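Taken in order, these protein sequences are the chains called D and A.
Counting with the numbering used here, you get residues 1 to 261 for the letters of the first sequence.
Counting with the numbering used here, you get residues 1 to 253 for the letters of the second sequence.
What the hints contain is simulated information worked out from the structure, not anything from laboratory work.
On a predicted model such as this, the values are computed, not experimentally measured, just so you know.
Among the clues, some could well be false.
[Unchecked claim] Label pairs and their calculated CB-CB ranges: (1) Q148/A x A117/D: 32 to 38 Å; (2) Q148/A x A121/D: 24 to 30 Å; (3) V15/A x P29/D: 55 to 61 Å; (4) L35/D x G161/A: 42 to 48 Å; (5) G13/A x E239/D: 31 to 37 Å; (6) D238/A x E184/D: 30 to 36 Å; (7) Q148/A x E191/D: 50 to 56 Å; (8) L16/A x G183/D: 35 to 41 Å; (9) L96/A x G83/D: 54 to 60 Å; (10) H141/D x D165/A: 24 to 30 Å.
[To be verified] To give an idea of the interface, some chain D residues facing chain A are shown, with a C-beta separation under 7 Å as derived from the structure: (11) I68; (12) M111; (13) Y237.
Every residue, glycine too, gets a C-beta built ideally from N, C-alpha and C.
Take a look at the letters that make up each chain.
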Amino acid sequence: MTTMTTTAFATAQPLANAVEIRDLTIRYPGRGGVLALDHVNLDVQAGSFHAIIGPSGCGKSTLLKMLIGLIPATSGSGSIAVGRRPSYVPQGNSCMPWLTAEQNVAYGLAMQGAPRAERRAVARALLAKLGLADFARRYPHQLSEGMRQRVSIGRAFAVNSPVLLMDEPLSALDFQTKVHVQGELLELWAERGVTVLYVTHDIDEALTLADRVSVFSRRPGRVLETMEVPFARPRSYREVRNQPAYPAAFARLFELLEGIT
Amino acid sequence: MDTRRTLWKVILGLVLPVGLIGLWQVAAERHWIDTLFYPAPSVVLLRTWGHFLDGALTFHAFTTLRRLAIGFAAGAIPGVGLGLAAGILPAVRALLYPLATALYVVPRIALLPLVLVAMSVGDPARIFMVAFSVFFVVFFSALSAAEQVDATHVDTARAFGANYDRIVRSVLLPGATPAVFSGLRVAMGVALIIIVGTEFLASNDGLGAFIWRSYQIFDFPSMYSGVVAVTILGVIIDSTLAAAEWACVPWRR
């Protein structure tokens, strides 16, 4: 019995937290600096897909930038429990215009000093996975918005980090492209067993992708509620909307968001 | 369909120049204008061809080109280097920016007498005029090019663990390159003005001197042939810079 319990604990390891945010407060520097986040507490379970939704300006992006090390915490902490540097998909078009799709995907590996052959192999494999095998040598301006976002996502996966922070990677895409890329993203997530912390303002996207959805308040951002998403995997945008539990889940997130604005 | 539309655009673009030159030709032949000062385009072309064959234009063009090339390199290389450094390093900017701004507003040709006093009439003075003019244009364009590199790319580089050196080499330098080339092309336009103006006033050779001397002896067809030659020289130089840009900025093709 004791052995079995131990085994149960071992297999239950994914319940450990990949990201722990404790009383995190961020005030932008300068006189009358804006209070972006106010005592935020959040646990992101290892291996889970965790979405954050909230009104614009609620500090969602600030939270990710703090976790990736671009801005400092004013007080409290936000840490990546896994120890290794998380990977990142910044908001907006973040492909470097002077690099080809392949070089963009390999950018993080290049910064880590990975040898050329490895960079190329990893980038080629990810581009193929994302349906961009024929576009490896194209520059970002020769790609559609959807392709560029796929490249950004590929770049985030290329460095093989256990934690990925994504800042509204699909918000600029048309509906159909968005649904396609959501599917590819879920496949990559499941295949790699990584933890994703995903910022969005789209309720349906959060319900399609995430295991848990945390709703942030208007600025200064606080966590209003974290909801477990009750749908089985594998999921798709269409299947999620046909679930019996969908209307109630959508309504709850909608109310939380609307209660704010 | 597409080639036909391109052809149509080319034809439309030629209407005005061809029309104006034609009008000039007719006006000269019918003596609507004084052909001493405004000789017919056919006369100018024949004279240009003649001076090309007798070697005058080639000699003066190469003289001007040599001064341009040396002066441009002498101004553009430190201009790009210091401009990028000032755009990237706040300390370099703080050191150079006030003096550069103060000197930038002085019209360069106004300094010609001073330069002649300091360096005496000769190629060093002419080349210095070009280099000095080119430097400021290139310096400021490189400075703003480096400053205006999209912050998202810098953040991305930092997020993926790039150290300062790698941020400079993988983001700031390539990000600034297109605007640096724009600055170089503008600077070359300025350099042409300055070298021709300098040769007008302080040279016995070069296309500027050729144009000025032809004007002084009322040889207007030769004067125009000098203008034609300097225009062709400008087009060749700008095309060379455009080709260099095409080679160095493959992502803008």
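Verification of the supplied hints:
1. Q148/A x A117/D: 32 to 38 Å: Check passed, 35 Å falls within 32 to 38 Å.
2. Q148/A x A121/D: 24 to 30 Å: Violated - the Cβ-Cβ distance for Q148/A and A121/D, about 35 Å, lies outside 24 to 30 Å.
3. V15/A x P29/D: 55 to 61 Å: holds, 60 Å
4. L35/D x G161/A: 42 to 48 Å: Given about 29 Å between the Cβ atoms, the range is violated.
5. G13/A x E239/D: 31 to 37 Å: Once the Cβ atoms are compared, 57 Å apart, the range 31 to 37 Å for E239/D and G13/A is violated.
6. D238/A x E184/D: 30 to 36 Å: violated, 46 Å
7. Q148/A x E191/D: 50 to 56 Å: Violated: the Cβ-Cβ distance is about 39 Å, outside 50 to 56 Å.
8. L16/A x G183/D: 35 to 41 Å: violated, 55 Å
9. L96/A x G83/D: 54 to 60 Å: Taking Cβ atoms as reference, L96/A and G83/D lie about 44 Å apart, which means the hint is violated.
10. H141/D x D165/A: 24 to 30 Å: holds, 27 Å
11. I68: For I68/D, the interface hint holds, since the closest Cβ of chain A sits about 5 Å away, which is under 7 Å.
12. M111: With a minimum Cβ separation of about 5 Å from chain A (threshold 7 Å), the hint on M111/D holds.
13. Y237: Y237/D check fails; min Cβ-Cβ to chain A is 28 Å, beyond 7 Å.
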